[in-house]
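Mapping the sequence shown onto our numbering, position 247 (from 1) lands on 247, and the numbers just tick up by one.
Since the hints were derived computationally from the structure, they do not count as laboratory data. Beta carbons are placed, not taken as given, at the ideal position from N, Cα and C, and that holds for glycine. Accuracy of the hints is not assured; some may be wrong.
[Unchecked claim] Computed Cβ-Cβ distance ranges for the label pairs, DEER-style:
no., residue 1, residue 2, range
1, Ser2, Ser129, 28 to 34 Å
2, Gly387, Lys258, 30 to 36 Å
3, Lys136, Gly230, 34 to 40 Å
4, Lys415, Ser2, 26 to 32 Å
5, Phe157, Glu414, 30 to 36 Å
6, Arg335, Leu383, 50 to 56 Å
[Stated by the list, open to error] Subject to a maximum C-alpha distance of 27 Å in a straight line, what follows is the list of computed DSSO-like cross-link-like pairs (lysine-lysine):
no., residue 1, residue 2
7, Lys53, Lys33
8, Lys333, Lys57
9, Lys161, Lys221
10, Lys221, Lys123
11, Lys256, Lys392
12, Lys33, Lys136
13, Lys393, Lys140
14, Lys260, Lys49
15, Lys381, Lys369
16, Lys57, Lys42
17, Lys270, Lys183
18, Lys143, Lys381
19, Lys53, Lys260
20, Lys221, Lys42
21, Lys221, Lys143
22, Lys123, Lys415
23, Lys367, Lys332
24, Lys135, Lys415
25, Lys161, Lys135
26, Lys123, Lys143
27, Lys140, Lys161
28, Lys393, Lys268
29, Lys221, Lys369
30, Lys123, Lys42
31, Lys183, Lys33
32, Lys33, Lys268
33, Lys161, Lys351
34, Lys371, Lys392
35, Lys367, Lys333
36, Lys367, Lys221
37, Lys135, Lys221
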Amino acid sequence: MSERLYLECFSGISGDMTAAALIDLGVNHEFLKEQLESLGLKDVKVEIKTIFKNGVKACDFRVMDQYGHGAYDHDMEYLHGSSPLKHGVNHAHGHNSENSDEHIHVHAHEHPHEHRGFNDILKIFQNSSLSDRAKKTASKILKIIAEAESQVHGIAFEDVKFHEVGAVDSIIDIAAISVCLDKLNFDAAFVSSLYEGGGTVRCAHGLLPVPVPAVSMIAAKYELPLRVTGLSGEFVTPTGAAAAAAVRVPGDLPEKFKIKKIGVGAGKRKYETPGILRAMIIEIEDAAPQEDEVLLLETNVDDCTGEALGYTLDRLLSSGALDAFYTPVYMKKNRPAYCLTVISPESIAAKLETIIFEETTSIGIRKRKMKRTVLRRDIEKRLTSLGEINVKKCMLPSGIRLYPEHESVVAVCEKAGISYQTAVRKIISELDG
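Given these sequences and hints, build the entire structure.
Structural data, given as structure tokens:
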């Protein structure tokens with residue numbers, strides 16, 4: 001038996017809903033706040049409390065400015081384009097009182113959100129005290145949004161300036177999600193269909209159709225299943241869609257599982273749907289080896305440097321290739337060359353072919369469909385005498401086999417001042433024991 005994470009998005013998904021649901025699974029509030037403070041964002045604080053949405057107890061994760069106001073607009077008529085902005089209301093700081101009926105407070109002060117670029121936000125994550133795994137997750141979520149915005153606006157990736165996600169509250173949402181996933185020790189999750197509404201919503205560029213273009217781009221690229229509810233409203237935000245894309249594992253939720261724990265995260269807007277996200281820790285039976293189909297891509301190059309091929313491998317693997325490698329070969333006239341081999345899911349083969357053409361001197365790629373047998377595997381954290389390490393847990397029909405992850409071994413070697421082989425032998429002996 002093994003534990004997995006499941007996100008049930010029957011009422012949509014947003015950044016704050018995801019963070020709140022994960023917090024509700026048991027992440028220490030003070031620890032999370034300390035991690036978020038290390039981002040170095042000024043004049044903001046995080047509030048975590050229990051509220052009730054449609055009679056359901058849920059965790060509310062809220063980012064407050066120095067005046068104690070949230071950064072969410074609750075003037076629903078304005079938000080969805082059916083009325084002009086109320087006189088004197090600062091749209092960026094519309095604030096909903098939990099004890100009132102959608103009363104919008106008017107503030108004389110004005111604090112516009114900064115418009116940051118991808119690298120600006122990336123530096124905020126990298127310079128924080130978040131763990132390496134949390135930083136990697138946060139960067140992945142941010143990159144997914146940046147790629148979508150780049151496609152939507154038809155501009156270069158590096159020229160994207162974030163509006164909604166550049167706001168402090170969204171940066172904190174992404175960091176909070178990443179910290180919680182790391183603390184709960186989950187790298188991936190089963191994700192249900194993303195239930196979405198319809199109509200229009202007011203964004204930085206004016207009124208846009210729901211789902212907004214960035215959400216549509218993310219759903220298309222990462223094959224996120226969308227389910228239109230017929231209700232009016234924006235239930236899926238770009239940050240929520242990016243978080244789902246970043247953690248979603250391929251395949252369907254198992255037909256049989258046991259629910260071990262449930263976390264409920266609350267959204268801020270009031271729609272006909274409850275506006276909650278459920279995160280569940282589920283227990284499933286370890287599956288026998290499974291068969292699937294992949295594409296094998298190959299190309300021969302005799303005028304490409306090792307450095308270029310090394311960079312190509314990095315791009316291919318970070319873009320979703322299941323494996324990538326190159327081997328020395330001899331071509332016609334006995335010319336030394338390399339054969340580049342890539343194992344790819346069929347859904348992203350075209351993207352990986354583009355990378356090969358861009359980064360190498362290849363002018364043609366061979367491909368063939370192949371079947372493979374794969375073992376189920378998970379990444380777990382294990383405590384050893386050398387420190388905490390990440391371990392790959394592979395489920396064989398005869399039992400479980402554990403492999404220490406290379407990056408973790410390198411980290412303990414540098415910390416303890418011992419050789420790699422010494423560390424590996426010690427770690428494996430402790431894992432086997």
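Contradicted hints - numbers only: As far as the earlier hints go, 8, 15, 16, 17, 20 and 28 are violated by this structure, in ascending order.
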